[in-house]
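Chemist: Quick note, the sequences are listed as chains A and B, same order. Residues in the first sequence are numbered consecutively from 1, following the working numbering. Residues in the second sequence are numbered consecutively from 388, following the working numbering.
Simulated from the structure, these hints should not be mistaken for laboratory data. Careful, some of the hints might be misleading.
Simulated crosslink set (BS3-like; lysine-lysine; CA at most 25 Å straight-line) [what the hints assert, rightly or not]:
1) Lys694/B <-> Lys505/B
2) Lys353/A <-> Lys305/A
3) Lys361/A <-> Lys346/A
4) Lys305/A <-> Lys352/A
5) Lys270/A <-> Lys178/A
6) Lys28/A <-> Lys391/B
7) Lys391/B <-> Lys178/A
8) Lys346/A <-> Lys305/A
9) Lys615/B <-> Lys605/B
10) Lys178/A <-> Lys390/B
11) Lys270/A <-> Lys353/A
12) Lys390/B <-> Lys28/A
Restraint ranges, calculated between C-beta atoms of paired labels, are given here [what the hints assert, rightly or not]:
13) Leu100/A <-> Tyr748/B: 20 to 26 Å
14) Leu394/B <-> Phe62/A: 46 to 52 Å
15) Asp727/B <-> Ile54/A: 30 to 36 Å
Idealized CB from N, CA, C, for every residue including glycine.
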Amino acid sequence: MTPYGNILFFIIIGFLLLPTILAGLRGKPAKGYNIFISIIVLALIFGNSLTGSISLILFTVFQLFLIIGYQTYRFQKNNSYVFISAVLLSILPLVLVKVLPLLGLHHVFGFLGVSYITFKSVQMIMETRDGLLKEKISLIELAYFLLFFPTVSSGPIDRWRRFRKDLHTVPSSQEYQKLLLSGINYIFVGFLYKFILAYLIYNYAVVFLPDQTYNYLTPFQGQIAYMYAYSFYLFFDFAGYSAFAVGVSRIMGIQTPINFNRPFASRNIKDFWNRWHMSLSFWFRDYVYMRFVLWMTKKKWIQNKYTVSYIGFFLLFFLMGIWHGLEWHFVVYGLYHALLIVSFDKFERWNKKHKLWPKNKWTQAFGVFLTFNAVCFGFYIFSGILF
Amino acid sequence: MIKKGFLSLFIAFFLFALVVFFPNSWIKSWIPEGHVEQAKTSLSPLVFQGIYLQERMLQEPNALPLYGSSEVNRFDPFHPYNYARATDAPYSTFMIGRGGMQSITHFLNFAAQEENLKDKKIVFIISPQWFTKKGMPELHLAPNYSLLHAYDLAYNEDLDEELRNRGMKRLLEFNTVNRDHLLKIIYEYKISDGQERKIIGPLAVMAGHFKKALLEKKDLYYSLFPKKPHELKSNDMLVANQTFEQQLQNAEEYGKKRVTNEFMIEDKFYKRLENSGISRMKGMRKNEDYTNSPEYEDFQLVIDLLKDAGAKPLFVSIPVNGYWYDYNEYPEERRQKYYDKMNQVLTEANVDFVDFTAHEYDPYFIMDTIHIAWKGWVYLDRELDQYWAQTY
Numbered sequence: 001m002t003p004y005g006n007i008l009f010f011i012i013i014g015f016l017l018l019p020t021i022l023a024g025l026r027g028k029p030a031k032g033y034n035i036f037i038s039i040i041v042l043a044l045i046f047g048n049s050l051t052g053s054i055s056l057i058l059f060t061v062f063q064l065f066l067i068i069g070y071q072t073y074r075f076q077k078n079n080s081y082v083f084i085s086a087v088l089l090s091i092l093p094l095v096l097v098k099v100l101p102l103l104g105l106h107h108v109f110g111f112l113g114v115s116y117i118t119f120k121s122v123q124m125i126m127e128t129r130d131g132l133l134k135e136k137i138s139l140i141e142l143a144y145f146l147l148f149f150p151t152v153s154s155g156p157i158d159r160w161r162r163f164r165k166d167l168h169t170v171p172s173s174q175e176y177q178k179l180l181l182s183g184i185n186y187i188f189v190g191f192l193y194k195f196i197l198a199y200l201i202y203n204y205a206v207v208f209l210p211d212q213t214y215n216y217l218t219p220f221q222g223q224i225a226y227m228y229a230y231s232f233y234l235f236f237d238f239a240g241y242s243a244f245a246v247g248v249s250r251i252m253g254i255q256t257p258i259n260f261n262r263p264f265a266s267r268n269i270k271d272f273w274n275r276w277h278m279s280l281s282f283w284f285r286d287y288v289y290m291r292f293v294l295w296m297t298k299k300k301w302i303q304n305k306y307t308v309s310y311i312g313f314f315l316l317f318f319l320m321g322i323w324h325g326l327e328w329h330f331v332v333y334g335l336y337h338a339l340l341i342v343s344f345d346k347f348e349r350w351n352k353k354h355k356l357w358p359k360n361k362w363t364q365a366f367g368v369f370l371t372f373n374a375v376c377f378g379f380y381i382f383s384g385i386l387f
Numbered sequence: 388m389i390k391k392g393f394l395s396l397f398i399a400f401f402l403f404a405l406v407v408f409f410p411n412s413w414i415k416s417w418i419p420e421g422h423v424e425q426a427k428t429s430l431s432p433l434v435f436q437g438i439y440l441q442e443r444m445l446q447e448p449n450a451l452p453l454y455g456s457s458e459v460n461r462f463d464p465f466h467p468y469n470y471a472r473a474t475d476a477p478y479s480t481f482m483i484g485r486g487g488m489q490s491i492t493h494f495l496n497f498a499a500q501e502e503n504l505k506d507k508k509i510v511f512i513i514s515p516q517w518f519t520k521k522g523m524p525e526l527h528l529a530p531n532y533s534l535l536h537a538y539d540l541a542y543n544e545d546l547d548e549e550l551r552n553r554g555m556k557r558l559l560e561f562n563t564v565n566r567d568h569l570l571k572i573i574y575e576y577k578i579s580d581g582q583e584r585k586i587i588g589p590l591a592v593m594a595g596h597f598k599k600a601l602l603e604k605k606d607l608y609y610s611l612f613p614k615k616p617h618e619l620k621s622n623d624m625l626v627a628n629q630t631f632e633q634q635l636q637n638a639e640e641y642g643k644k645r646v647t648n649e650f651m652i653e654d655k656f657y658k659r660l661e662n663s664g665i666s667r668m669k670g671m672r673k674n675e676d677y678t679n680s681p682e683y684e685d686f687q688l689v690i691d692l693l694k695d696a697g698a699k700p701l702f703v704s705i706p707v708n709g710y711w712y713d714y715n716e717y718p719e720e721r722r723q724k725y726y727d728k729m730n731q732v733l734t735e736a737n738v739d740f741v742d743f744t745a746h747e748y749d750p751y752f753i754m755d756t757i758h759i760a761w762k763g764w765v766y767l768d769r770e771l772d773q774y775w776a777q778t779y
């Protein structure tokens, strides 16, 4: 069963969450029960495929051993090679999932959500290395974090320290009422986005585009219309899904971070990446870009800090691109955004010196317009329709 | 603030439950005759994909429905609907069809109306362009496929079982249908007569009942709010009290005013073609062949179903625009092969039909690239008059 795919899924989790809600409203903890229903819902999500279920279990056990094992090691020693090996081992299954199909080995290994669990796992190994995870980690809590069912298939990507804090806080009845209400609100926003807006855009626009318009549009107009329709479809579909994940998390007492914050109102491309698929872009910022920049600064291989930063951006967006799949259009999509960010950064620095581009509501409106169109063109590449 | 939030939530749930559990008979009593009349010319996909309004229309004793694709919305003074009204014909038509509706969608619709089709005279217009190599494209099925009809099919006991299974098997070849896990399980369970999906099958059949009931209710709610009727463009003077020859003459003049290009395509539509680049379409049908297509099997489903239901259909085989297809480089001989094949299929099926395919170069018979109108309608109107008068 696809999470949040149909009304039946919502009815089932609605019933399963009733005891959670009742406990919450009385200010009582429901951690044990929530872990229990997670197992049921995971079985529903993955139960239709035997290979999928076995892959998921083996994969999770592997990641658990890796994280706990590395933490145990880190309490005593701190060798860089062990750290790098741990990170590589952690992403190895994900790499295999992406590469094996290219070698003609479909369906050998691979399941819903493999990348999102990997993101969480890599994050923990890196924070362990930094010495941020000093307390001993409970195996069950860790498994619950990795497999937290509201976000298991497509995020948002939570952070362990934040998650753990929520897990150990029992909200008062008053606080829980607020959580519950905002959770239900998110779920209904999700309904509006995914099942009404995305559905309508898809069925009344995207399916006829770019070239099935019964000649109402020229081929060029068809492509342009496709670009915008697809962009809006992508947003409402994914933002709707993310709203469900955030909403259900809140009902379970976990304040999973939001993924979208009005991205089409971004004033520039940097702003956009702070508003679009935020949990993913923050993950790449913290664990790819920042690491790279710090590492380069430490090693002093490249002197110019801007060059380091730009290489970092290209690395970030290249990886983010191929993470979507090993296809040319995803690579180009990543590089396109890297180019936008670098160009914008150069422009910003240039403007600081020359002050030719004033800051007022007109330039801001122009910025929103320009960013919106640049971003839509990015999604046009992303859709794979070009090549 | 919190209390208010929860209060609005409860109200929302209450209203939702009210809408879902509202008795069907009450909703039906609120759907007046006027809505049914409006549905005849509204050409709304909600009517095509529904059951209730079509049922009401079919139950009118003088109803002569026209099934087809987008030609049925080519309203002009000669359109069968306008013609029947202007000439006080003993029948009145309503239209079921729009772009992308092909044999399989009509099959589903007929299946849902099986009990209302007994001894009914109906007209079914067959479009050549349905019979492409791949047949019904997913892209055309998705917007024209009715969930209600698809669920209804699984539970339709009036239908011949072999025919029903054949229909369900065909539908399972489409992604649109396969994506619906519940329906897929029900179909597989029913096709195998309970041999496949032994455990989950019966559960799915039960859940399917609820889904079907919900879809039926949705259909009733839609019927409460009908779409506006189509603009009819009627002009009674051109058909009432005119002989067949005069009507042909009128249609020819009517068309002449609207066509000024070598392809004999209505100017408005021609503009659209120009807009998207005429030269692009030169030779675009070089490799098309309408004699080999899965659509033939879908069409056989339609024939078999109408026989099973005891309907008295009149099939209409229409040509394409010869001038335009020449430009597309779909040669005349190859087109003739399709016309012959369709004639043969209909003859072998032993059904009533009219064959208009000799008119492919007849000016103003076809108004654009594939749709009959104007003179085409005049010819069809005469057939309808005769067909209605015919007794069995």
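Chemist: Of all the hints numbered above, which does this structure not satisfy? Sort the numbers upward.
Modeler: Hints 5, 13, 15 are the ones this structure does not satisfy, whereas the remaining hints hold.
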